[in-house]
Amino acid sequence: MAATSVPLGTTRRPAIKPGRILIYALLILFLLLFLLPVYMVIITSFKSFQEVDLSRMWQLPVSLNFESFARAWEVLAPNFANSLLLVVPATAISAIIGSLNGYVLAKWRFPGANILFPLMLFGMFIPYQAILIPLVQFLNSVCLVPNADGTCSTSLYGNIFGLILVHVVYGIPITTLIFRNYYTEVPDEMLEAGAIDGSGFWGLYWYIVLPISLPGFVVVIIWQFTQIWNEFLFGVTIAGSSAQPITAALQNLSGSQIVEWNVQMAGAFLTALPTLLVYILLGRFFIRGLLAGSIKG
Numbered sequence: 007m008a009a010t011s012v013p014l015g016t017t018r019r020p021a022i023k024p025g026r027i028l029i030y031a032l033l034i035l036f037l038l039l040f041l042l043p044v045y046m047v048i049i050t051s052f053k054s055f056q057e058v059d060l061s062r063m064w065q066l067p068v069s070l071n072f073e074s075f076a077r078a079w080e081v082l083a084p085n086f087a088n089s090l091l092l093v094v095p096a097t098a099i100s101a102i103i104g105s106l107n108g109y110v111l112a113k114w115r116f117p118g119a120n121i122l123f124p125l126m127l128f129g130m131f132i133p134y135q136a137i138l139i140p141l142v143q144f145l146n147s148v149c150l151v152p153n154a155d156g157t158c159s160t161s162l163y164g165n166i167f168g169l170i171l172v173h174v175v176y177g178i179p180i181t182t183l184i185f186r187n188y189y190t191e192v193p194d195e196m197l198e199a200g201a202i203d204g205s206g207f208w209g210l211y212w213y214i215v216l217p218i219s220l221p222g223f224v225v226v227i228i229w230q231f232t233q234i235w236n237e238f239l240f241g242v243t244i245a246g247s248s249a250q251p252i253t254a255a256l257q258n259l260s261g262s263q264i265v266e267w268n269v270q271m272a273g274a275f276l277t278a279l280p281t282l283l284v285y286i287l288l289g290r291f292f293i294r295g296l297l298a299g300s301i302k303g
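Residues 7 to 303 in the working numbering are what the sequence shown spells out, letter by letter.
Be aware that a few hints might be false.
[Stated by the list, open to error] Label pairs and their computed distance ranges (CB to CB):
#1 Leu288 x Arg115: 43 to 51 Å
#2 Pro124 x Gly246: 45 to 53 Å
#3 Val44 x Asp194: 14 to 22 Å
#4 Trp79 x Ile264: 17 to 25 Å
[Said to hold, decoys possible] 20 Å max Cα-Cα, derived DMTMM-like pairs, lysine to aspartate or glutamate:
#5 Lys23 x Asp155
#6 Lys113 x Asp59
#7 Lys23 x Glu80
#8 Lys113 x Glu191
#9 Lys113 x Glu57
Don't read these hints as lab results, they were simulated from the structure.
Glycine residues also receive a C-beta, built at the ideal position from the N, C-alpha and C atoms.
Put together the whole structure using the sequences plus the hints.
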């Protein structure tokens with residue numbers, strides 16, 4: 007039997023398997039299903055009120071109309087500032103605490119560490135609704151500004167400080183998990199060398215662990231920023247009307263009788279824009295940080 011020869015200088019393309027074609031087709035289908043709502047939000051936000059109609063819902067706007075963005079921003083601007091005042095400190099504090107916890111649990115051996123870590127992770131699986139009533143009662147009992155007669159003028163309930171505290175506490179389990187898995191990749195020899203040079207707990211953390219923690223901090227910042235910014239339940243129930251974040255204020259764009267969907271979609275687009283910018287700016291570090299802590303732990 008004669009062997010089949012391939013001319014020199016040519017390469018044989020590998021045959022495309024039917025299973026691979028099916029996988030790509032499903033991925034494209036899922037991508038389209040995911041992007042359809044995004045497409046709807048964007049095109050509707052640029053339409054005028056007269057153009058918003060079910061028969062023309064998939065059509066592009068006749069002309070770009072920015073009035074809906076101006077009207078949405080007029081309502082959402084104070085709450086946008088509240089969200090920034092909430093997200094920035096809550097993300098920073100929970101990231102720092104998670105970094106310290108991860109450092110202790112990954113590199114310092116102490117009795118009960120194997121019990122403390124699972125108990126800490128258990129907090130991630132407690133639904134918000136299960137602890138909402140006792141949480142409100144606790145925040146209402148913590149007085150920030152007492153009156154002269156002994157009554158409370160301002161408590162943690164109903165202001166931005168209580169909301170920051172809640173998100174910091176709820177963020178500690180996931181930030182601890184991320185940093186703990188990340189720090190297990192740090193060679194023990196580095197810490198041992200630092201200890202020989204005279205560094206203690208804080209010296210090892212400040213001069214050795216913290217400088218190599220950028221990928222871990224990027225993952226935590228993106229995760230916490232997105233979770234806190236998009237959270238709705240705590241923002242509605244814990245914060246007062248003057249301290250509500252932007253997600254809680256979106257409902258204020260709905261009219262009592264007539265819903266202006268172009269204004270609603272413009273508000274949704276403005277609300278989602280900060281998280282999109284965070285992913286654009288830090289996204290290239292996100293996967294790197296996840297992979298850095300995925301080998302061990």
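Hint by hint, here is what the structure shows:
1. Leu288 x Arg115: 43 to 51 Å: About 33 Å separates the Cβ atoms of Leu288 and Arg115, which means 43 to 51 Å is violated.
2. Pro124 x Gly246: 45 to 53 Å: Once the Cβ atoms are compared, 36 Å apart, the range 45 to 53 Å for Gly246 and Pro124 is violated.
3. Val44 x Asp194: 14 to 22 Å: The hinted range 14 to 22 Å is violated for Val44 and Asp194, with Cβ atoms some 46 Å apart.
4. Trp79 x Ile264: 17 to 25 Å: 20 Å, holds
5. Lys23 x Asp155: 80 Å, violated
6. Lys113 x Asp59: It is violated: about 60 Å lies between the C-alpha atoms, which goes past 20 Å.
7. Lys23 x Glu80: Violated, at about 55 Å.
8. Lys113 x Glu191: 10 Å, holds
9. Lys113 x Glu57: 61 Å, violated
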